[in-house]
Amino acid sequence: MMWLLKGLMLSLIGSMVIVLGACGDTQQQRESIKANGDPQTGATRKYETVMGEIEIPKDPKRIVATQYLGHLLTLGVKPVGAGTASLNQYFLQDLTDGIEDIGDDQAALEKIVSLDPDLIIRPSDKNYEQFAKIAPTIVIPWGAKDLYAELREFGEFLGKTEEAEEAIRHYEEKLAEAKAKLDGVVKEGETVGVYEIWAKNFWVVGESFGRGTRNLYSGLGYQPPEAVKEQIVNGGAGLDISLESLPEMAADYMFVTVYDADGGGDRAKEILESAIWKSLPAYKNNRIYTLDINQFSAGDLISLEKQLEIQTKLLLGNGK
Numbered sequence: 003m004m005w006l007l008k009g010l011m012l013s014l015i016g017s018m019v020i021v022l023g024a025c026g027d028t029q030q031q032r033e034s035i036k037a038n039g040d041p042q043t044g045a046t047r048k049y050e051t052v053m054g055e056i057e058i059p060k061d062p063k064r065i066v067a068t069q070y071l072g073h074l075l076t077l078g079v080k081p082v083g084a085g086t087a088s089l090n091q092y093f094l095q096d097l098t099d100g101i102e103d104i105g106d107d108q109a110a111l112e113k114i115v116s117l118d119p120d121l122i123i124r125p126s127d128k129n130y131e132q133f134a135k136i137a138p139t140i141v142i143p144w145g146a147k148d149l150y151a152e153l154r155e156f157g158e159f160l161g162k163t164e165e166a167e168e169a170i171r172h173y174e175e176k177l178a179e180a181k182a183k184l185d186g187v188v189k190e191g192e193t194v195g196v197y198e199i200w201a202k203n204f205w206v207v208g209e210s211f212g213r214g215t216r217n218l219y220s221g222l223g224y225q226p227p228e229a230v231k232e233q234i235v236n237g238g239a240g241l242d243i244s245l246e247s248l249p250e251m252a253a254d255y256m257f258v259t260v261y262d263a264d265g266g267g268d269r270a271k272e273i274l275e276s277a278i279w280k281s282l283p284a285y286k287n288n289r290i291y292t293l294d295i296n297q298f299s300a301g302d303l304i305s306l307e308k309q310l311e312i313q314t315k316l317l318l319g320n321g322k
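The sequence shown runs 3 to 322 under my numbering.
In case anyone wonders, no lab produced these hints; they're calculated from the structure. Wrong hints could be hidden among the right ones.
No more than 27 Å apart at the CA atoms, straight line, and that leaves these computed lysine-lysine pairs for DSS-like [to be verified]:
#1 K135 x K113
#2 K183 x K231
#3 K286 x K271
#4 K189 x K308
#5 K147 x K63
A quick note: this is a predicted structure, and the numbers were derived from the prediction, not measured.
Using the sequences and the hints, build the whole thing.
Right, dumping it as structure tokens:
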């Protein structure tokens with residue numbers, strides 16, 4: 003009888019241990035969910051944005067980006083949806099298989115809903131409330147930060163900080179290789195400029211507008227003409243000039259793109275055949291390079307590296 007009573011007591015104690023252990027596990031799980039989100043529904047965290055603090059997935063799986071596709075692909079992240087303009091970027095097109103075209107801006111809302119995203123990335127706060135109702139929405143104001151700062155921010159909220167730093171290191175290595183190849187091509191005191199012709203505008207392009215300017219100025223260390231330097235480097239917005247003022251603004255080496263829309267092509271033909279254009283030292287020295295605007299419209303690291311290859315090849319055509 004005694005042995006039976008002893009066995010029942012041991013069994014009861016064992017059951018209590020199991021129950022208490024289970025209660026402890028449940029409490030631990032509750033605390034974990036409170037801090038990190040339910041692992042079955044996806045862990046979340048607070049993230050400070052220009053629109054205030056929002057809750058975002060720790061490991062987003064279904065991202066939609068109306069802009070900044072190049073940054074995502076640089077970090078090895080393929081969104082489920084992206085804006086039309088981003089998908090059409092020349093050097094990104096081979097990397098976009100499986101990404102849905104959401105159109106652009108307001109027209110994208112219905113398509114975005116159908117993709118059931120867990121995170122949306124926007125370049126402005128336009129219609130923010132509508133996007134935020136679909137999924138947590140991070141606004142990265144277009145052009146407000148330096149390229150590296152932008153990429154590092156993406157790395158931070160996507161959990162890809164190491165990938166961001168590696169991408170920057172890789173790009174810096176490519177710049178160093180290009181510098182070595184181009185040593186002595188552009189002589190001290192010589193200038194480099196980027197120009198773009200529109201139907202009603204003639205731009206000396208600043209670094210904030212892209213067109214490969216980051217490679218030339220921040221990357222390779224070239225200088226624009228002194229007359230426009232303030233408007234060009236360090237994120238400058240560029241300057242709209244007249245054909246008559248071009249001789250003062252012209253560089254020793256000139257990269258040119260043409261925006262064909264609305265008669266831009268006709269305007270370019272008029273400028274490129276003008277006496278003023280043909281009087282430029284860059285023209286006489288065969289140092290004007292016409293670029294494909296489609297290849298030079300993006301400013302992500304994938305595109306910049308490809309643009310750098312083109313720029314280097316063109317400059318090397320002049321030899322030492």
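Checked hints:
With a C-alpha separation of about 14 Å, the suggested pair K135 and K113 falls inside the 27 Å cut-off, and the hint holds. Taking the CA atoms of K183 and K231, the gap is about 25 Å. The hint holds against a cut of 27 Å. Straight-line distance between C-alpha atoms of K286 and K271 comes to about 18 Å, which keeps the hinted pair within the 27 Å bound. Proposed proximity of K189 and K308 is supported: the alpha carbons are some 24 Å apart, at most 27 Å.
As the CA atoms of K147 and K63 are separated by approximately 26 Å, the hinted pair is consistent with the 27 Å bound.
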